[in-house]
Each structure stands twice: as C-alpha cells, then as structure tokens.
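Q: Listed below are the residues making up each chain.
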Amino acid sequence: MPDPRSAASSGVEAEPSPAPRPAAEPLLRVENVVKRFPISRGIIFKRQIGQVHAVEGVSLEVPRGETLGLVGETGCGKSTLARCITRLYPLTSGRVVLDGTDISTLSRRQLRRHRRQMQMIFQDPYGSLNPRRRVGSIIGDPLAIHHVADGAGRKRQVQELMEVVGLNPEHYNRFPSEFSGGQRQRIGVARALALRPSLIVCDEPVSALDVSVQAQIINLLEDLQGEFGLTYLFIAHDLAVVEHVSDRVAVMYLGKIVEMAAVRDLFSSPRHPYTVALLSASMIADPDRARSTHRVVLAGDVPSPINPPSGCLFHTRCPKAQPICSVEAPALTVQAGDLAGHVTACHFPVAPGEQMRGAEAEVRQAAADFAAAPLGEAVEGAG
Amino acid sequence: MSLTPLETGLPPLEEASEVAELGSARAIEGRSPLWLALARLRTDRMAFLAAGAIILMALLAIFAPLISAATGHDPLNPNLLTGTNSFGQPLGPGQGGYILGTDNVGRDILVRIAYGARISLLVGVLSTVIASVAGTIIGVIAGYYGGWIDAVLARLMDTVLSFPYVLLAIVLASVYGPSLSLTIGVIAFFSWAAIGRIVRGQTLSLREKEYVEAARSLGAGNLRIMFVEILPNLVAPVIVLGTLLVPTAIVFEATLDYLGVGVGPPTPTWGNMLADAQGSGFQDWWFWIFPSLTLLITTLGFNLLGDSVRDALDPRTERIFAMRRKSGRGGADGADQEAEERLLGEAQPG
Ligand SMILES: Nc1ncnc2c1ncn2[C@@H]1O[C@H](COP(=O)(O)OP(=O)(O)OP(=O)(O)O)[C@@H](O)[C@H]1O
Ligand SMILES: [Mg+2]
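First to last, the sequence lines map onto chains D and U.
Just so it is clear: in the first sequence, position 284 is 284 by our numbering, and no numbers are missing.
Just so it is clear: in the second sequence, position 225 is 225 by our numbering, and no numbers are missing.
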C-alpha cells in the first residue's frame, strides 16, 4: 500500500522516497546502453567522418547493497559506461534506471535531485581535486550544491566526514597538494559520501595508488559499504582487487559485456575465452594458482573501437574462433550447465575444466592470419 | 601533473605538515598557492627594488597635495612672477626653491610630476582592473562554452587586438573631447582582449580537468563551475598579466596625452608635460627629463615586479616570456600565441 502523502506530492517533490521497494527491484538497472562518440572534421562546417563505439549495448543490474565489479582492458569503455550511468555523458541510446526512475532522459534540472543518490569516485586522486581549493570546501561541495548545510553546520558535517574516512578534521583548511595520494583519495571518498548516496560508482579508485595504500582504500570502501549500506559499481582492471570487493563481476570487451557472474563462479569456472585469458594472465602472477593454470596469451591488439570487428567482437583474437564467430554476434545468455546468474556471450564457451590447450600456438596462428588479412585484401584490391 | 609547480622549488611540504600536526594551529591553516608565491616573492631582491619604485610613485601620488602645500607651488596656475627668471625663462633644478626646476610658465615640475603620478597610476591600475575583469569573464565564457559562442568571442578579441587604437582614440577624443574617463575607457577597451585570449586558452584546458567533471557529477551548474572551479585557477595568470599590463596602460596614457587626445592639457600628467616640453623645443633639459624618468621608473618597476610575481607563482612560465622577449613583440602572431597558450596551459598546476 503506497504512502498516500508521497503519492500526493510525487509530481512536484520527488525526494527519493524511503518506502521499501520490492526486493526484486535492483538499485541500478542499465538497459542496452549505447554510447558512440562522433569523430568530426572541420571547424565551422563539421562533418562526421566516423564514430567511436565506446559502449555497445550494455545491460546490467546492481542489487541494493551489493558490489558489481567491472573489468576489462584499457579502452574497452569502462569509464565511458560509468560516465553514462552518472549522466556525465548523454546516452546515444538505452536506459539507466536508478531506484525505479529512468534517469537517462531527465533534464539537467530534474537530474539534480537524483544526483544525490548517486556519486562517483574518480581514478586520479590528483586530477579530481581542484588544486586551488581547500579540502574543506571540496568535501563540502555536495552539501553546498544541494543546499544541505551552510556555514558552521557544513563545516561540522565535513569534519565528521573527514573523520569517517580517516582524515584529520583539523586539516580542513589545507590544500590538496598537502596530502599524499592515499589521503587525497580519502578526500574523494568523503566528497562522494557527503550526501549519503545509495550508489557510488568507483572508476578505478585505487589504480593510481601505491600497492600498500590500495589495500587501505579498499578496506575503507568496504567498511563504508557496511556502515552506510552502499551499493558499488566498482571498475578496475586489477582482477585481484575485483575478486576481493565484488559480489558479481562483469567482464567487458570493446564496449560489450562478454561474461557476467557471481564472483566465485566467474573466477572458478570462466566460460568466455576472453575471461579465461584475462584470468590466466593475472593468476600467473599468483604462485598458488600458477601451478594449476595454463597461461593463455592473447595475440594481437584490441581492435579499434572506431571500426569494430563484425560478429563476435573477440573473434579476431579468439583461440576458439570458428567461421560463425565473424558473422553472428553471440547473445549474452546462460550457457548449458551454468548457474542461473552466469551469462556468457560466446558461440563456443570454454567447457568447465577445459584447458585451452595449445591456445598459445593457435593464438599465434590466428594473429598471423589476422596480420596477413589486410595485406591479402590490399593485394586483391590492387590486382 | 603530480605536484603543483609551486611546490617544486620549495622544501617538501609533506614533511613540514607532519611537524605541523604536532599542534600549531597556524600551520593547519593550510598554505594556499598564493601564500606560497608570496613567501617566494619575499626572497626576490629584484621584486623588492621594483616594489620600492612603485611605492615611491604611489607616495608621490598620495602626498601630491602635501608637496604642493609645503612648497607653496600650485600644480595648475602659471607663475610667471617667481617661477621664471627675469627673462621669463624657466628656472633650472635647485633655483629659486624649485627642486626640479620649473616649466615655461613657471610651474613647479616636482609638484606637477607628483600630480601626474596620480593620473598615471589611476589610469594604469583602473584600466587594468577593468580590462582584467572583462577579459577574464569573456575569456572564461568563450573557453568554457566553446562552440559558436567561442567562435564569436574569439573573433571579437582578434578584431580588438588588431585595431588601430591610436586612431580610434583620436577619433573618440575629437568627438567627445579629451577626458580622464574616456582615456581609461579607451585603454581598458584595447587591453581586455589580450587577457581574454590567454584566459580563454587556459579555460579550454581547465574545463577538461577531472575536478570539473567531479563537480558536474555532483550537480554543479555552469556558473558554479566557472566561478568556483575554473576561476581560482586563473587568479595567478591574471595577476601576472595584469601586473604586466599596468605599465603598458601607463605608457598608453602618456602617449595619448602627448598626442593631445588623452586627459586634457591643464591637468598635470607626464604625457602632457612631455608635450609641453616638446612645445618649447626641448631646450631646457629638466623640462622633459624628469617626467621621462618617472615614466621609465614606473613602467620598469611594474614590469620587473610582474616578472617576479610570475616567477614566484610558477617558475615554469618563464619559458613563455623568454619566448615573447625573443620574438620581440607585445602582441602575438598566431603560432607564437598558440605555443604560449599551450605552455601557460600546461604550466597550470593540477
Ligand atoms: N570524450 C571522448 N571522445 C571520443 N572518444 C572517447 C571519449 N572518451 C573515451 N573515448 C574512447 O572510447 C573508448 C573507451 O574509453 P574509456 O575511457 O571508456 O575506456 P576505459 O575502459 O575506461 O579505459 P581505461 O582502463 O584506460 O580507463 C576509447 O577508445 C576512447 O578512446
Ligand atoms: Mg577509464
């Protein structure tokens, strides 16, 4: 039974209603998000000469209180997806539903109050803090922008926040340059926390930090999650970090999610060849697992997102690629024998226990074919 | 990117702040980049010398009425009785109680120079302030919004910069009659674009900073981003540019006066005095040398101070100005201007 008061005022005053939603409704639902950046030439008369396919139809859900890890090589569109979700970029198409509201089409003004629910932590603890402003006012920014508190009240709240994230509240008036990288990231965390959001999008929050400091920040984020019931979308390319923090993990390749599963599931029985390669590359560094893991070396470079391959985006580098892979894009579905939440987009998923034997050789061959292909075409074209 | 350039020449801040943590409330205040620049400036002898010269001129300007009262010499009224010798010729320095001598109608040159300092400093500072404010606002808007707004504003700045300004000043003065406010207006009008252009270039790089994106993700509007995030990063370069613009404005004003289209003739200004000296054929050296000297000292003072301030704010910008000196120009041709803006952009901390 909906609260009559909130129903009456919902048209005007749509403060996030505290009424509990059905358990099935995730806090964040991303549906088919596409983001393409036009590439244009010319200053006055712009002509579009192409586009970067940064995000190509991503769908995912993050239930309340959980952490979804998002991994992928550099340039695969993780940050772009994060910026689409936080509406820093307008979407090319698709929907972002936050707490039951589709925020992808809201105007800037309508969006403002939804921003309170959704904050972002940035990768670069140096670039994301204005060097000319005092940390007190940086952390107090969200409070000022949303008119939550002014003057002494704001200062008190900011100092509380500083304490929560492990900063000395007396350093309120210092400048970012007077802090170390880890401390700066704490400032970024405090800023993200100020409005008590429900969702925090963390875009590689620790990859710019020293290894020794990374653990501190990760522990802080985990503590805060427990304390404030936060939901995280956690982007990283360090699989160890993702394995540690995530409940579920999504693997991204060239703007698409190729596999998504509960963290255990994904790490113990990866199905997509790309995931297998990614895992093997990181586990080789882990002596406990190195023995049991066959190293899969991916050949070739990531294809350009300006001109993505046909069919399965991974087929140009895939050791298991077959003719159909370059024709038909596989759907992201539950593969035979997998648990319910485990989806993979692959025509020939790696069977549980299958070692991608000879993968290296095959990959090399595939790479050689790939390298030869354009040349061959060019020769044909000339002849 | 990792450290602000301000830190590079100073002892490591980290250590200093660890010590400060032991309790000094003063240190916990946090040292702003400007505070650090000031600390650096205090160790610069040239800056002291330059500031000394400027303060001297400021004192002259402030105490002009006192000097006039003490000597009993009026800056405006001709004084042919005691201010000239029996042949009706100006008195040399030291003669008849006139420290710097008199002009051809017997007025005390020292008193007139002191009053002239008022005009020079007033015009120099006021037109620079107006030009800086206008240039900053327009430059930020152009750089922040980009697109057609930028195209229009950038074209406007180019137009202003390439205008034959002396010609326009002469036309305006002959239409409206020479006056102080018109002079300030004309100078400000021709100076803002120089600042606007550099501010625009800076803004182009500042708006791409991650902290701007962070502010946007918090829900900050365009105005807030421009004023709270971008503007504080422009203070340093605008201070430098402004300090270097003051002497240009002072010379500009003197030129207009000299040409008779600035502040009208009875008013004692350095440019008017030079024009008078020319009228008398430059025969009596004290007649023109003292106004020239004060003009030189003042402009030199501001230029040197500007250089020092710039170095104090950011040692890396030195390259830009070295480049500017080498190409020997006040304005800029396209390629140099671009390189300059790029350098200024990368010299920005953060
Ligand atoms: N503003 C933009 N304009 C044009 N292309 C862009 C823009 N932002 C990102 N791209 C392109 O979109 C693709 C995805 O970039 P994105 O920054 O999202 O990758 P990422 O996965 O976050 O990489 P990283 O791990 O390096 O942060 C890249 O090819 C990038 O060049
Ligand atoms: Mg990124």
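Some clues are possibly wrong.
Claimed, not checked - DEER-style ranges, computed between Cβ atoms: (1) Val152(U) / Arg108(D): 40 to 50 Å; (2) Gly166(D) / Thr43(U): 35 to 45 Å; (3) Leu259(U) / Ala152(D): 56 to 66 Å; (4) Val148(D) / Gly146(U): 26 to 36 Å.
As the list claims (entries may be wrong) - Partial selection, computed: residues in chain D whose CB lies under 7 Å from chain U: (5) Arg112; (6) Ser128; (7) Leu129; (8) Gln159.
Just so you know, these hints were derived from the structure itself, not from any lab.
For each residue, glycine too, the CB sits at the ideal point set by N, CA and C.
Q: Compare the structure with each hint and give your call.
A: Now for the hints, and whether the structure bears them out:
no.: 1; hint: Val152(U) / Arg108(D): 40 to 50 Å; in the structure: violated (24 Å)
no.: 2; hint: Gly166(D) / Thr43(U): 35 to 45 Å; in the structure: holds (37 Å)
no.: 3; hint: Leu259(U) / Ala152(D): 56 to 66 Å; in the structure: holds (58 Å)
no.: 4; hint: Val148(D) / Gly146(U): 26 to 36 Å; in the structure: holds (32 Å)
no.: 5; hint: Arg112; in the structure: holds (5 Å)
no.: 6; hint: Ser128; in the structure: holds (4 Å)
no.: 7; hint: Leu129; in the structure: holds (6 Å)
no.: 8; hint: Gln159; in the structure: violated (12 Å)
The structure does not agree with the numbered hints 1 and 8 stated previously, though it agrees with the rest.
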